[in-house]
Amino acid sequence: MRLPLHLCLSLLPIATLVACGQEAQGPAARASLGPVPAAEQRPGDPAQGREALLNNAYVTCGAPYEAYKAATDTPPPSQRLPGREGRNAELPYWLTAHENDDGVELVTSNCLTCHAGHFNGELVIGLGDETRDFTEDPRVFAESVGRYVSDGPAAEAWRRWADRVAAIAPYMITDTVGVNPANNLTLALFAHHDRDTLAWSDEPLIEPPPKEPPPVSVPPWWRMGKKHAMFYSAEGRGDHARWMMTAAILCTDTVSEARAIDRYFPHIRAYIASLEPPDYPFPVDSQLAGRGQQVFEAHCSRCHGRYGEQESYPNLVIGLDEVGTDPELAEYMGDGADRFVRWFNDSFFGEQARAAPAPGYVAPPLDGVWATAPYLHNGSVPTLRALLDSSQRPRYWARQVEDRKYDDEALGWRHRVLDHGKPGAANPEERKRIYDTTLPGYSNQGHTFGDALSKGERQVLLEYIKTL
Amino acid sequence: MRRRITFSVIAAVLLAVAAYWWLRPDGMTPSGTRLTLDQILGSAPPGFRRAEAPGSIQLPADHGPHGDHRAEWWHFTTTLEDEDERPLAVRLSLFRLGLLPQPPERPSAWATQALYMAHLAVTDAAKGQFLAFQRLARNALGLSGATLEPARIWVEDWQASYHHDDGPAFRLHAEQGHLVVNLRLEPTKPVLRLGGDGRLSAAGAGYAMTRMQASGSITRAGRTLAVTGQGWLDRAWGTQIPGGGQVRVDRFALQLEDGRELLCLRWHRGGRERQVAVGTMIAADGSSYRLRATDLDLRAQDHWRSPVDGTRYPTSWQLRVPAEKLTLEITPYLQDQEVVEALRYWGGAVHVHGYDGDRRITGSGHLELTGYADAAASP
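Chains A and C supply the protein sequences, listed in that same order. Take the first sequence: its position 326, counted from the start at 1, is 326 in this note's numbering, and no numbers get skipped. Take the second sequence: its position 243, counted from the start at 1, is 1243 in this note's numbering, and no numbers get skipped.
None of these hints come from the bench; they were simulated from the model. By construction, the Cβ of each residue, glycine as well, lies at the ideal position given by its N, Cα and C atoms. Warning: the hint list may mix true and false statements.
[Stated by the list, open to error] Partial list, computed: chain C residues near chain A (C-beta under 7 angstroms):
{"hint": "1", "residue": "P1046"}
{"hint": "2", "residue": "R1050"}
{"hint": "3", "residue": "T1239"}
{"hint": "4", "residue": "V1247"}
{"hint": "5", "residue": "W1267"}
{"hint": "6", "residue": "V1278"}
{"hint": "7", "residue": "D1295"}
Pulled out of the complex, with its shape left as it was, chain A reads as follows (with noise of 0.2 angstroms):
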């Protein structure tokens, strides 16, 4: 689609360095490596956003009600957050309840599907899930949900939900179990909605990202108080709220139903700012992590900043050359991404915030990490005891995702080491739950600075992650 003359003519001041059309040609905006300026964020109320959060429906499709319940199970208290009102109450906490402009009630997806997890038998809102499994092809529960839709309204507002996750569903099935494919499906869904109007296309209108998504790990929230910049390479530069609502993409199709949203993200924002991390759940020996911080601020600070009575946070971006760390992603937000970059620029989304990939990855506040496992950008380390000794970390484990058993000597989720990858695998079931760091983007190389480190001061370094 290309724009009539005139609107290019208006537009002409932010478009300098884009051609006329969604195919625009020429450099997209790029960042450097080194300290990530601080931003203005628009001022909002944690309270008031935690309640939409926990309520407002930003997603706007889903499953009809009745059919969503016809095929489902009820689900346990563990699966229920205090605070949801009305229907929300009874469901699931990553689902919210909308009604449509038809009158249908639909149950929609929020941001908790992936920002919430376990730990200790509590949920903690903020928290990145990291045991989902994405494997699995979202079209399954999208059609099998259509056998309980009744014609007339309901019909057609789950065959508008069941097409969209048709549409994208390729973009989002992940290899293995606990990485998450949110980076890749946004991008998907840029593609799928007119870059000026935020219409839906059935048919991309910019080249779609590759259909295997890169393997990420969900960040917890309680970093957003810190930084500057959203996502592994700071590519989510300016206003934070406008790239958190990118959330509520899926069915939002006119940019005066992104504004309605958008009145009310600055709140989550404030809210998301605002979360801090939970207690460390089991013994500190507080001597050891004494002499752990001396370590630490040796070491780690640097990058990761400093904590306590002086707390500081750097918020650097650290080259591919220094970190060393899997460089696919990143290459991938550097190279392979400029549509999406000018896209998100130059919609109603770039109007207050603005992408813009360094070619590295930021060095992350550690606030609460002990309970952030697995590590790295992809997931590829399960404990911060191998992360700090490169030659503990194993080349093919798998999650035991379905026990959740916190490894409080090594700090991470307790996993099986294996003797084989992906090929090895006896059925495509296990095969799904090796995480295999021969694969391309699953690589457990880098951030060794650790292994230069004594066994002593690793130790008392891991006690002193505790109290972070």
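Given chain A's structure and the hints, the job is docking chain C onto it.
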């Protein structure tokens, strides 16, 4: 509100009584008055349970009825051979269709909480014959029902029962005019749990007994054939009566000669881009694993048009599991295995031929194609 519920219950019971008379066992359905299950049952009154949480299968208790769920079924399929190795197939499907979540308050002996429906189908591949019959009876006056002790499900004189006397086995018995079916089905594999994330059950929770040694007899027109073969039981209970909805559902229950079974469920809305399928492979030792949509490739090879109204059913298939190097060609015993009763579907026995890597492999099974014909339309 109370009055409305009472009215809908009365209406449902009246309809059920009417349906009972229209759909008498002898299949004397007056032309143009085929009632669909939706019409017979109406919308569900409140109070039935939602789907059972997966993982809660209790045997033998779950062989028996689940009155707090709106619907359930016992779906026995067999592929058989007579003494001359001619292929035959028998299916006996028994459905409980809940009208009320609790027993009715009326003191009448006719008062009922549920209807039971049964379908009997016999496929004789050599003779090119497919016979299908339906019975529908209220769960009152002993006309139909299900009990746990002894485990028995019956609709008039058609029944499935579970016995322990000479090893655990199901016995199926059905008589229809000159047709008499007597089969003994002895489970030879562990129970496969259905439902939950795998969604291998079309509705709610359930289980399957994927391989049972079948033996018995089929009598037609005074001639009795001794038969042997394999049986399969699909058992499910949940919220939804069979049929209806916005998608077609195809179910493949295949028994391979090497001792494995393959169960696949495919949902679609016409066109390859709107189809998705999942499966479970059951090894000879009874262990099983899931097959995801990305592990399966299902392609319709041949279609058959119903003489009723031209509805087109995909009756021949190629099923591939690339990671397993498995390619199966699935062809029907007969093209016409369509059931046109209160439920309308194509449900029939199939041959399986193919390759597991370089090794030739054969088998047989049942294919069920539902949601193709307009459920509300009378033939």
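Verification of the hints:
Because the closest C-beta pair between P1046 of chain C and chain A is about 11 angstroms apart, greater than 7 angstroms, the hint is violated. Taken as an interface hint, R1050 of chain C checks out: its beta carbon lies about 5 angstroms from the nearest beta carbon of chain A, inside 7 angstroms. With a least beta-carbon distance of about 4 angstroms to chain A, the hint placing T1239 of chain C at the interface is held under the 7 angstroms criterion. Contact between V1247 of chain C and chain A, as hinted, is supported at the beta carbon level, the nearest pair being about 4 angstroms apart and thus within 7 angstroms.
A hinted interface residue such as W1267 of chain C counts as satisfied when its beta carbon comes closer than 7 angstroms to some beta carbon of chain A; here the least separation is about 4 angstroms, so the hint holds. For V1278 of chain C, the suggested interface contact is upheld, since its CB lies about 6 angstroms from the closest CB of chain A, less than 7 angstroms. Given the 7 angstroms rule on beta carbons, the hint for D1295 of chain C holds: about 5 angstroms separates it from the nearest Cβ of chain A.
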